[in-house]
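Peer 1: Sequence:
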Amino acid sequence: GLSSAAFAADFTGNANVTLLTAISFAEVDAVEFGQFENQDGTCTMATGAVLSGVCASATGTINDADITVTAEPNTTVSVAVSGGTTDNGVTFTPVLDSSATPTTDGSGNTSVTVIGSLSIASATNGAHNMTYTLSVNYQ
Numbered sequence: 212g213l214s215s216a217a218f219a220a221d222f223t224g225n226a227n228v229t230l231l232t233a234i235s236f237a238e239v240d241a242v243e244f245g246q247f248e249n250q251d252g253t254c255t256m257a258t259g260a261v262l263s264g265v266c267a268s269a270t271g272t273i274n275d276a277d278i279t280v281t282a283e284p285n286t287t288v289s290v291a292v293s294g295g296t297t298d299n300g301v302t303f304t305p306v307l308d309s310s311a312t313p314t315t316d317g318s319g320n321t322s323v324t325v326i327g328s329l330s331i332a333s334a335t336n337g338a339h340n341m342t343y344t345l346s347v348n349y350q
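In this text, residue positions in the sequence shown follow this note's numbering: the first is 212, and each later residue adds one.
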């Protein structure tokens, strides 16, 4: 009879991968709503860090968040904000104020802007620090 080894064959397949730069962040500026009188209501920050609502007459440091995202050069990424926490009666709701699909420059950088709103309900006086999550993924 015939040996089964006479009909055997080997094949060499390929396995491929593209390794990308790890995504990193640098917070240039945090979201700052300044200082204003404690009263229940909503404070909204629009594009350009323009405030309205109970904080329309706020003073002090007022700015939107400016975050530098570093990833693979000349690559489109997807960006989203979520979360927003409450601190003693003040709740921050983040809003992305820049492209949800920016493309990095030749150095791998792109700038992301975050604004949002505050909901104030029976808040304590003093400084309040809330957080949010910025998620960036390769497309």
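Hints listed in this document are in silico derivations from the structure and should not be mistaken for laboratory results.
All residues carry an ideal CB built from backbone N, CA and C; glycine is no exception.
Heads up, some of the hints might be wrong.
Unchecked claim - Label pairs and their calculated CB-CB ranges: (1) Leu230 x Thr344: 22 to 28 Å; (2) Thr342 x Leu230: 18 to 24 Å; (3) Ser309 x Thr335: 29 to 35 Å; (4) Gly317 x Thr296: 23 to 29 Å.
Peer 1: Taking the hints in turn, state whether each one holds.
Peer 2: Evaluated hints:
One distance hint, 22 to 28 Å for the beta-carbon pair Leu230 and Thr344, holds here, with the actual separation near 25 Å. Here the CB-CB span from Thr342 to Leu230 is close to 31 Å, at odds with the stated 18 to 24 Å. For Ser309 paired with Thr335, a C-beta distance near 32 Å keeps the hint of 29 to 35 Å intact. Gly317 and Thr296 have their C-beta atoms about 36 Å apart, which leaves the hinted 23 to 29 Å range violated.
Figure legend: structure checked against the earlier numbered hints; hints not met, in rising order: 2 and 4.
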